[in-house]
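*Asks:* So you can see what is in the structure, the chains are spelled out below.
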Amino acid sequence: MAKSVHMLDSIARVTGTVPYTANLKLPQMLYAKVLRSWLPHARIVHIDTSRAEQMPGVVAVLTAADLNQPGGPTTFYGVQHKDQPIVATDRVRYIGEPVAIIAAESTDIAEAALHEIEVEYKELPAVYDEIQAMQPCAPVLHGDYPDNCFRHARLRHGDIEVGFAAADEIIEEMYFSPTANHVTLEPHVTAAQWQDGKLTIWSATQAPSLVQQVIAELFNLEPEAVRVMVAPLGGGYGGKGHIRLEPMVAALAWKVNGRPVKLTLTRAETFVTVNKHAAAIHIKSGVKRDGTLTARQVTIHWNGGAYADVSPGLVGSGMLRSIGPYRIPAVQVDSYGVYTNLPPAAAFRGAMASQGTWAYESHSDSIAHRLGIEPLAFRLQNLLVDGDAFATGETLHDIHFVECLEAVASGIGWNTPLQKNSGVLKRGRGLAVMMKSTIPNSTSQCRLLLDDDGQVTLFTSTVEMGQGAHTALAQIAAEALGVPVATMNVVGPDTAQNLFDTSTNASRSTFMMGNAIINAATLLKQKLIEAAVPLLEHPPEELSVRNGVVCVTEKPELCFSLTDILRRNQLTSVDALGEFQTRVAGLDPETGQGVSTPHWHQGAGACEVEIDTETGKVAILRYWSAAFAGRVVNPELARLQNDGNVIYGIGPALLEEVIFDNGQIANPNLSDYNIPAFPDIPHNLNSVSLEGESGEFHGIGEMTLPPVAPAIANAIFDALGIRIYDLPITAEKVLRALQNE
Amino acid sequence: MRFLQPGTLEEAISTRVDNPEQSVIIAGGTAVVLMLQHGLIAPEVLISLEKIPGLDSIRIEDNRLHIGALAKLGDVADSRLVRQYFPALFAACAAVGNVRVRNQATLGGNLAEADYASDPPAALMMLDALVEVKGISGTRQISLPDLLLGFLTTTLEPDELITGVIIPIPTEQPRMAYLRYNNRSSEDRPCVGIAASATFNDAICTGLRLTVGAACEIPTRLSEIEALAVGSPLTDTRIHEIAEGYAAGIETIDDLQSSAWYRTQMIRVHIQRVLKGLRDG
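So the sequence lines, in the order shown, correspond to chains A and B.
For the first sequence, position 152 (counting from the first letter as 1) is numbered 272 according to our numbering, and the numbering increases by one without interruption.
For the second sequence, position 134 (counting from the first letter as 1) is numbered 240 according to our numbering, and the numbering increases by one without interruption.
Among the hints, a few may not be true.
[Claimed, not checked] Pair by pair, the computed Cβ-Cβ distance ranges are:
hint : chain 1 : residue 1 : chain 2 : residue 2 : range
1    : A       : 518       : B       : 258       : 56 to 62 Å
2    : B       : 292       : A       : 574       : 23 to 29 Å
3    : B       : 139       : A       : 606       : 40 to 46 Å
4    : B       : 165       : A       : 227       : 42 to 48 Å
5    : B       : 350       : A       : 542       : 22 to 28 Å
6    : A       : 143       : B       : 111       : 47 to 53 Å
[Claimed, not checked] Some, not all, of what chain B presents toward chain A, calculated at C-beta under 8 Å:
hint : residue
7    : 185
8    : 290
9    : 292
10   : 293
11   : 365
12   : 370
13   : 372
14   : 375
Treat the hints as calculated values from the structure; they're not laboratory data.
If you're wondering where the values come from, they're calculated on a predicted model, not measured in any experiment.
Every residue, glycine too, gets a C-beta built ideally from N, C-alpha and C.
Please put together the full structure from these sequences, using the hints given.
*Replies:* This is the structure we're talking about:
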């Protein structure tokens, strides 16, 4: 099947005609602006919106006073904990928290009206650091959680004391991964219209089905009364992965009652809307002199910001994603999700695995160095293989960590001599490997429709966000139906006509929706064969579908085209629904033992860097990445995912950090918050997508990202003998470390 | 906000005089638009210079290079005259942002903004450029040290506009360079920019001009340190001494991009690199 076809909308992409939600204009549309808290933690004593409401051009001002009214939305929402108000009620918990939202005839009027709202605050003490927030005297954000910890995920595997007692060496380190921002080129944007008791929502979201469900619940509506439509996204990266602006905009539309209202965030607002979790990771390993791991203990504090959002689940995923793909007889993990007075955090491409991999793969090299074992050899000695049990106790299948790592090591020329010292410029090599669980229980549904003109339409709630999902899914459908890709059309998310899909998250679409499509195609082929039986005068078991015809398997010249079959049956179309579900047993909440995921995402990276020892600046000369793809659908798009992940990963590795000053973001713009530019991409950037015998699709949207930072840090250690513990690895940090040597 | 597009310099100046406090001049807009977007300025009147003809030429007159204030940084970098006589100015203009910024930003706007994190001012100061300024009472020419006062501040009077830059063409072509150092992304603003030119008689250095930009509030030239170079060969030791002199003599900026400590280190490192490059030709 593997075939490199261009993205279906590639022409629209290069000619700038993709209908992004950011460009959406609806008749009679109003524009929204959000009044945000300028204090990190405060009681709201009083809000006066009367002056703003009287301004010409202002149509509605929504505050918490409007919520919980008959027929309207309830106040609180949240995917796992309902702790977040649509707009602040009696308290604000971070700088940037929405306090009121205004709908007006223009953005300028809405903006001007913001200044006319008076809010009286009484400031409260605040806490920003995820470890300090759990100290006994820390200010409490939510009364139900007096220690600010909204989730403590535990894993207990083997006897940790025995494991450490059996070790010859114990290596204990602390790693930090700061807040970072997704920086989608298209900011968060949502439009909503409330008409006759029904809501229509246009949103740049990765989770249309979830948005429908949460909004329906918030408004106490049947899901069918909420229609969610999603145009292609200008990037998502997890930042649009769950509920974001939709409750606030839907509530405002409800108050407006009739006209549509649209909210488009500014760049600065995206920084106070959702970020990557900052994490403090304490990792301690016991190891025998021969390199055998005996025990590992990991304690992570995840900075969840002021509201739990999707963090409770992610803190559990983060527990699994902080251990590493190694055979370790005794493992103990404590993963704490912590409230702080910062903006909420959510999944960030390579979710939780990026922070975990940063720690355990930097740590791998520290162990190897302590033992005097070559870093690749240390990993190969301990890597999990098929049939091994993971720290959850589950038996692993389709495991290819060794192949991933060997592929990148071979690509980079790991075993060829390296000229390390040439005066000011010093070179080094490093590598890293990652493992990531996917969503344990999820569902994808789709519909395939064949028209009598031979066109096939795939109706799918998978979101196209630049990753090429619609193209890959069209290829899967075309192959499963035995029709050319050119006959495929894809209709993206619209809950009024498309079926359920959990979300376009966690690199699940090719696997989950791909299998739903294969199931739909099987049913559709059966229907076509049955319709062909009277025409071909053979029983169904003797017929097959291939190359756009139904034919007698033994005599392929006896055939009818699919369009002929429809016409001769007086059908204008024929369709079939497909579904694919994963259900796993889950983990014991006390011990983290059980089955956590239907399969594992696997990736690796290796690089050669050159460091200017007078400036500390790191140049990545060569980078090789590998992802286990199971089965590649489109080699060119797979390569772009792998390479794109590496480029995206260079940001948090070397450049990106959201800097807070008492809860206030100091760099909420792309001048102060640097992302990689094209000249920062390694000239020699290569990747491989590995396939397995089972032929099962594995997602590849994230796998080559988490290894980037530790591979670079390990290469710096190889070159200079200095270990950086906190991201990003800025030139200044490297120079300081060199001068402290 | 009103957007005005006067057709002549005189009209622009009188428009400015009519709205001294509430107006902001906009040329290419790469800086002003950002400030507007971030709410740092909120003028009632925006006076665009775009429609004023003849202010974007680059030409030689009386053995001096004249660059119009509205010349784009990209045009300055592409100019054959600039490349021939002032390769340091070419390098400084070519280093700014990316091609999209360079095709929009103007040289006059760059100077009027007086942002420390910029490349062209250091090169122009090193080249002893004069800035031509026009106001109601006439035209005057001022040097860069007399124009630039500090962080986003110049000595321009409210009625004055920068009309161009004049750079004397040296009789003897010196060796010249501009070295920009980015500590973060390659499209970031500079961490440190060093503009230098030197003349040699055989190995003996007969003159040195050295300006450090981007690391300090305004570009800095230390003539007493420059003088150390003159009259002897530029040995590594001498270069080190000059670099140390600048590192010690410049108060560096501490911001989100880097600490003052780091910028001082970078001044030391990059002055040595530039001077060794000039010496070794």
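*Asks:* Now tell me, hint by hint, if it's right for this structure.
*Replies:* Here is what the structure says about each hint:
1. Judged by the Cβ atoms, the range 56 to 62 Å given for residue 518 of chain A and residue 258 of chain B holds: they are separated by roughly 59 Å.
2. Judged by the Cβ atoms, the range 23 to 29 Å given for residue 292 of chain B and residue 574 of chain A is violated: they are separated by roughly 50 Å.
3. In this structure the hint that residue 139 of chain B and residue 606 of chain A lie 40 to 46 Å apart at CB holds, the actual value being about 44 Å.
4. At roughly 44 Å, the beta-carbon separation of residue 165 of chain B and residue 227 of chain A lies within the given 42 to 48 Å, and the hint holds.
5. Range check, residue 350 of chain B to residue 542 of chain A: about 25 Å between beta-carbon atoms, so the 22 to 28 Å window is met.
6. Evaluation of the 47 to 53 Å hint for residue 143 of chain A and residue 111 of chain B yields a failure: the beta carbon distance comes to about 28 Å.
7. Residue-level restraint check for residue 185 of chain B is violated (minimum Cβ-Cβ distance to chain A is 23 Å; threshold 8 Å).
8. This hint holds: residue 290 of chain B has a C-beta 4 Å from the nearest C-beta of chain A, less than the 8 Å allowed.
9. Taking 8 Å as the C-beta cut-off, the interface hint given for residue 292 of chain B holds, the closest approach to chain A being about 4 Å.
10. With a least beta-carbon distance of about 4 Å to chain A, the hint placing residue 293 of chain B at the interface is held under the 8 Å criterion.
11. Hint status for residue 365 of chain B: holds, given a least beta-carbon distance of 7 Å to chain A, under 8 Å.
12. Checking residue 370 of chain B against chain A by beta carbon gives a least distance of about 11 Å; that is not within 8 Å, so the hint is violated.
13. At a threshold of 8 Å, the smallest CB-CB gap from residue 372 of chain B to chain A is about 6 Å, leaving the interface hint in force.
14. The beta carbon of residue 375 of chain B is positioned within 8 Å of a beta carbon in chain A (closest approach about 5 Å), and the interface hint is therefore held.
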